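*Asks:* Protein chains in written order, with my numbering: chain D, 1 to 150; chain U, 1 to 263; chain L, 1 to 73.
A couple of the hints might just be wrong.
Said to hold, decoys possible - In the EDC-like style, the derived pairs of lysine to aspartate or glutamate whose C-alpha atoms are separated by at most 16 Å in a straight line are:
1. LYS157/U - GLU212/U
2. LYS56/L - GLU191/U
3. LYS56/L - GLU54/U
4. LYS157/U - GLU50/L
5. LYS35/D - ASP135/D
Stated by the list, open to error - Stretch-level coverage of chain U by chain L, calculated; a stretch enters the list once three of its residues show a Cβ under 8 Å from a Cβ in chain L:
6. 44-58
7. 98-107
8. 124-134
Derived from the structure by calculation, the hints contain no laboratory data.
Owing to the predicted nature of the structure, the values given are computational and were not obtained by experimental measurement.
C-beta: ideal position from N, C-alpha, C; glycine also.
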Amino acid sequence: MRVIRVCLLVLLCLEGGSAVARDPDFTELSSLQGKVVYLDFWASWCAPCRQSFPWMNELQKQYADRGLVILAVNLDQDRLDADKFVRRLAPAFPIRFDPDGDWARHFGVHGMPTSVLVDRTGKPRFTHIGFRNADAAQYEQQIQQLLAER
Amino acid sequence: MQLESGSGSLRGKLVAASCALLGSTPITRADVGDTLNRALADWQLDAALAYYHENGRIRAVEPVIEAERDLANGGQLDFNFTFDSLSGSSPNGALTNRQVQTFASPSAKSFAQARHLYTVSSGNLPVDPNYSDARAAGGANWTMPLSRLMRATVGGKFSYEDDFYSATVSAGLERDFNDKNTTVSVGVNSENDFLQPIGGTPNPLSDYTLFEKGGHEKKHGVGILAGVTQVMTRNWITLANVSVDRFSGYLNDPYKIVSVVAA
Amino acid sequence: MKLTIISLCLLSAVLNTACSSLGVEPWQRDLLARRDMQPGGARLDEAIDEHMYFSKEASSGGRSFGGGGCGCN
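Looking at chain D on its own, in the form it has when it is part of the complex (with noise of 0.2 Å):
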């Protein structure tokens, strides 16, 4: 009897309960039209992360001016881990949090870290997986095409 009772109890665990899904609030996305938005997806334990920000920085600082906002939505499970990693990368773009994945999962991540390009009338139009030092270059040219376009 009690082999049955522990058996339903491991049953129950694995199905398991999924959080119900709330609507996600994408408000703030939408304040951003007629900006190029770069929606870039990171978390503190992701390496290549770490070679990102810098990078998004010398964005930030040469793009800023033309209509670029770099929005990095931290997919981190504790929110210390995310906090101890900003404190070190002092990023110059604004974080927000996302824990419950509402956002990665709406965007589609299927990697990290995403990046996610969005032009001026709020469409995505490139979407990253992954970031290396090398492709760079290709993602800069795909910022000034879409700050181009009017």
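Given chain D's structure and the hints, the job is docking chains U and L onto it.
*Replies:* For chains U and L alone, kept in the frame of chain D given last:
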């Protein structure tokens, strides 16, 4: 290029001249340290020391060092080097006997020419008390990404002792599925071992006291490996793998003695 | 009898959840990114263990490679 005689040391001028040829500024001692630091900064070094001891038997001291480097394209290179030193007593394979038994060192060509002899008294397990061996081994592995979800690895390793050396090459492929929750890997390897017992390889099942020894031997092995790694939950991953190896050639231990006991 | 119940429960759990729903979202790999949670994380320890195992058993294998980790890039 003219060498001017007169002021300044010749050596300094030669250094400056060669640097000018290479198109770089003369390096001072401080710069060399800096360059070394920067070069080493790309590498991760790891070292360990294993100390193994069996009561009254083998003692092994094994330092290992490993150097790993992440490559710009997402690949990885790693090198490792091991030095093994064994000493102590090791059973020679012969059975306990009521009579006193005398054995020679494994490399001996005769009792008279042996480096050392050892006697085992009645009722004791024959053990060579002078067993000592040193081994140097190293390996390298290169992982390269073929795409975001696929990686290939090639590697090799070698092992060297004064009477045995081995070389292995391996290759593998890895592919991720289900948003990298499942990884399937396959690999193959080929090993070649060369045995060169000092004093020659004893003829199998020959009389120990006659020291009938031959030449060198070798063995060859091929293996395949297949594995699956599955991420179960945020704190649980499961791995399962199967490997099949096939060896052929000299599969014996040339130093072991077999006792023939009359019923 | 007990063994049958246990194995049936485990089997149904695996079949019901199915392999494609096992796993985590790409952004939930924080713990898997830890060095000690990666199959190749303790390489030197494994190399030493494997050497001792081989010396005693005259065979080797069953060691892991690939998979797990942070899944970045």
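*Asks:* Look at each hint and say if it fits the structure.
*Replies:* Quick rundown of the hints versus the structure:
1. LYS157/U - GLU212/U: 33 Å, violated
2. LYS56/L - GLU191/U: 19 Å, violated
3. LYS56/L - GLU54/U: Between LYS56/L and GLU54/U the Cα gap is close to 12 Å, so the pair holds against 16 Å.
4. LYS157/U - GLU50/L: Distance of about 14 Å is within 16 Å: holds.
5. LYS35/D - ASP135/D: With a Cα-Cα distance of about 23 Å, the restraint between LYS35/D and ASP135/D is violated, given a limit of 16 Å.
6. 44-58: The restraint on the region 44-58 of chain U holds, since 5 of its residues have a Cβ under 8 Å from chain L and three suffice.
7. 98-107: violated (count 0)
8. 124-134: violated (count 0)
Going down the numbered hints, you'll see the structure goes against 1, 2, 5, 7, 8, while the others check out.
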